[in-house]
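K.L.:
Chains G and Z are the protein sequences, given in the same order.
Sequential numbering from 1 applies to the first sequence in our numbering.
Sequential numbering from 1001 applies to the second sequence in our numbering.
Just so you know, these hints were derived from the structure itself, not from any lab.
Remember, predicted model here, so these are calculated numbers, not experimental data.
Some clues are possibly wrong.
To be verified - Across the chosen pairs, the derived CB separations fall in these ranges:
| # | chain 1 | residue 1 | chain 2 | residue 2 | range |
| --- | --- | --- | --- | --- | --- |
| 1 | G | 212 | Z | 1044 | 54 to 60 Å |
| 2 | Z | 1209 | G | 280 | 41 to 47 Å |
| 3 | G | 97 | Z | 1234 | 32 to 38 Å |
| 4 | G | 289 | Z | 1044 | 42 to 48 Å |
| 5 | Z | 1209 | G | 255 | 29 to 35 Å |
| 6 | G | 97 | Z | 1187 | 57 to 63 Å |
From the three backbone atoms N, C-alpha and C, an ideal C-beta is built for every residue, glycine too.
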Amino acid sequence: MWKNFPLFPDKATELAAEVDQLTFVFLAIALFFSLLVATLVIYFAIRYRRRSEGQIGETEETGIWLEIVWSVIPLVILLGMFFWGAKIYIKAYRPPADAVEYFVTGKQWMWKFQHPEGNREINHLHVPVGQRIRLTMTSEDVIHSFFVPAFRVKADVLPGRFTSIWFEANKTGTFTLFCAEFCGAEHSQMMGSVIVMEPQDYEQWLAAGQPEQTVIGSGEALFAKYVCNTCHFPDSAARAPILQGIWGKEVALSDGESVVVDANYVRESILEPTAKLVKGYQPLMPTYQGQLSEEELFQLISYVRSLTSGAAESEDSVAVGDSKESEE
Amino acid sequence: MQARRVHYLNVDYGVKSWLLTKDHKRIAILYLVSISFFFAIGGMMAALIRLELATPAGDLVQPDVYNRLFTAHGVIMIFLFLIPSIPAVLGNFLIPIMIGAKDLAFPKLNLASWYVYNLGAALMMWALLRGGADTGWTFYTPYSSMYANSEVILTALGAFIVGFSSIMTGINFIVTIHRMRAPGLTWFRLPLFVWAHYATSLIQVLGTPVVAIAILLVAAERLLHIGIFDPALGGDPVLFQHLFWFYSHPAVYIMILPSMGVMSELITAFSRKRIFGYRFVAFSSLAIAVLGFLVWGHHLFVASQSVLAGVIFSVLTMLVAVPSAVKVFNWTATLYKGSISWETPMLYAIGYVGLFVIGGLTGTMLATLGFDIHVHDTYFVVSHFHYIMVGGAVMGYLGGLHFWWPKITGRLYPAFWSKISALLIFVGFNLTFFPQFVVGYLGMPRRYHAYPEEFQVLNVLSSAGATVLAVGYLLPTIYFIWSMRYGERAGSNPWGAYGLEWQIPSPPPTHNFEEKPVVTTEAYDYYTLKEKRVA
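Isolated chain G (complex conformation):
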C-alpha cells in the first residue's frame, strides 16, 4: 500500500511545468485567503465571546468602502488568474504547425493508435521524445476522454467528429493514459500508456513494426478503391470540386454560406455529401456512411490534405471545437 506513494504527479512536458506553476501560485493565494478567514473567524469568536447572558453585540454601520475593497481585491486577483489560465489553455489546444499527426480512436473499452508511418497499436502509444505530436481523435461509440496526467493534457474524444490535443514529451519513460469520461461498464479498465522513447529507439521500434503503408499511402489506396478520382480530379472540370490546393481555404456553399475546408468538413462531406454542398456543383456524390471505418476515414482525409502542398504545416489552428460549432 505504501509503495510508490506520490503526492505530486510526474512531469513530462513543458506544459506540465507551466500548469504546476499556476497551481502553486493559486494554492498560495487560496491558502492565504483560507487562513485569513479562518484566523479572523476564530479570533473574533474567542475575543468577542459572550460574557454575560443578556449581552448583545455592538451595532456598527456598514462600511461601503470595506464592501468595495473586499469585492474588488478578489476580482482583480481572479481576473489575473483567469488570464494566466486562458493563456495556458489556448496553448494547450492550439497544436503548433510542425506537430506530427497521430490518429487515435476510442471505443468501449480500448484505445487504438495509428502512427503517420502506418504502424498500429492498441492501448500503448510509442512516441519519440522532443517531438511535437498532435493527436487527432474520434470515438467509435460513446464519449471518451484522453488524459495523460504527466503531460497535463486532456480532451474529450467524441463520436462523429474529430477533436485534437497536442504534447511534446521532454523526458523518456512510460506515462499512464486514462479514459477520463465515464464510458460504461469497463470505464476504469480503459487505461493505457504513452511510452516516450529516444528518437533512434523510436525509429527502430517503428521499423520493427513493418507497416504496410503510411497513413497517406493508405488514403491514396482508398481514394483509388472507391474511385473518387472519377469526379474529384484536377481537370474533371464540372462534376466535383477539385481537391488539389483546397485545404484550409474558405469555399462558398450553395446555400450562400461558406466554410473552411478542414478535417471535420471533409469528414462530413464524405459521410453526408449534400449537407454542405459547394456552390456550383450538383448533389451527385453518394454517401459513404457505413462503408468506411473511422481509421479509413482519417486516412482518406489525410490523403486529401496531402493534395494541398504545405497543408500539413498550415493546419487549422483551433483544434478542439474547430468543427460544427463555428460553422453552425
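The hints should help you fit chain Z onto chain G, whose structure is shown.
P.N.:
Here is chain Z on its own, set in the frame of chain G:
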C-alpha cells in the same frame, strides 16, 4: 398544572390529518421524513463506494454494480435530498412565519409538491430495485440514450417528475414572499434566509424546465431512436451537455443559496448583532442566481467547446466568486464585536465558513482554464463539489436543523452530544474529502471502479474519513428522535434570537400568529429588541 396548549403538532393525531394537511409546518415535517429516508439510502451507497475504493482492485462489487452505485448515490443525493433539503423542510416551515403569514400562498400546491416528489422518488426507487441506471447522475449522451443497458428511462423519468415538485415549491415561495409579508415588513427588513430562498426559487422556476426537456429528449432518443444526441443518428452528443448543465449548474446554487441564508441567520443569532452589509448579502444572493445561469460552459472546457467559448465561460465563472466572497467577508465582519456564544448551531456555522471557503476557492481554481484541463473529471472535481454540497449545503442544513429544532418540536436536544456530532462531521468530512484533492491532482479520474496502486494511501484515508462522517451523521439522528420525547422543553426563544419565528410559542400554533404581527424594525435589530425588554 396549566391547560394543554394546542399547537400544530398536537392539534390532531390521525394519519389522515398528516397526509391531507395543508399546514406548511406539517408539510415541512413530511418532507423532513422523506428526505431523511433518502439521505440514508444515498449515504449507504456512498459507504459501499468508499468500501470498494479502499483497495485498488475492483474486488467488492462488479464494475457494473459499482457504476450503478455511484449513479444512485448522485441521483438520490441531488434530486431527492440536496435540492429539496433546506427549501422544502426549513424554508417551508419558516418562510411564512418569518414574514408574519399564516401559511404559504398556495397550501394545496405545497402538499401536492410533496406527493409529486414522492411519486418521482418512488419511480427512482423502482428503477433501483430493477437494477438502477449506470450513466452517472449526469446522463451523458450518447451513452445514456443509445448504449447503456440499464434503467435509464425510469430513473430519468423520476428526476423529471421530482423537478415539478421543485418548481411548485419555487412558485409558492415567490408568490408568498411578494404578497404575504406582514405590515411594515419591507423587502429590506426581510431576514436574509428569505432573500436566499427568493433567489433560489427563481432558479427553480426558470431552470428546472430546461433539464426536464433534456431528460425527455434522452428518453425520446432511447425509445424512438429520434436522432438528437447520437451522431450515428445525425445528432450532436455535446448538445445534451449544454442543455443539461444549463439547469444543473444553477442547480448547484439551488443547493447552496438556501444554506447561505441559514448561515446569515445563525451568525447573527449567535453574535446577537445586525448582519454586516445587509444589502450586500441580500443582493449577492440574487447576483449568484443570475450569474449562475451564465456559467454552464465551464463543464465543457475539455468537451470540444471552442477556445473562445471556454475563455468566456471561464471569466464569467470567476465573477460568481465575487458575491460568494462578499458573503463570507460580511459574515466574518458580523462576528466583530459581537456577543458570540458557542452553541451547536454556531459550531456548524463556523465549520461551514471554513469548508465553504475551501470549496469556493477550489471552484475558482477549476474555473481557471489551464488548471482545469488537468483536473477536469478527476477526484479534484469530486472533492470540490463535495466541499460545496456537503461541506456547504449539508452543514448548513444540519446547522439550521439544530437551530430551529426547538421551534419545530418544542424540545431541546442534548448540547454535549450535538457538539460532539458537529466536531465529528467537521473532522470526518475533511478526512474524507481533502485527500481527494491530492489524488485528483495526481490524475485519478472520477467514476473509477479500480485504480492504480499509487493512489491507495489517499483512498484509504478517504474511506476512513467516511466512517467518522457516518458516525457524525448517525448521532443527530439518534438524539433528535430521543429529544422529541425526552428533551427539555425549549420555550419560545431558547437562543435569545431575533426574528418573528422566535416571538411565537414552540411548537407554533397552527395559524402561527394569534394576531397579525406588525414589523417596525430592521432584521436582526438586537439593540431595539433589548431596549424593548428593558422597557
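K.L.:
Now look at each hint and say whether the structure bears it out.
P.N.:
Okay, the hints, checked on the actual structure:
no. : hint                          : verdict
1   : 212(G) to 1044(Z): 54 to 60 Å : holds, 55 Å
2   : 1209(Z) to 280(G): 41 to 47 Å : holds, 45 Å
3   : 97(G) to 1234(Z): 32 to 38 Å  : holds, 33 Å
4   : 289(G) to 1044(Z): 42 to 48 Å : holds, 47 Å
5   : 1209(Z) to 255(G): 29 to 35 Å : holds, 33 Å
6   : 97(G) to 1187(Z): 57 to 63 Å  : holds, 59 Å
Comparing the model with each numbered hint stated earlier shows that all of them hold.
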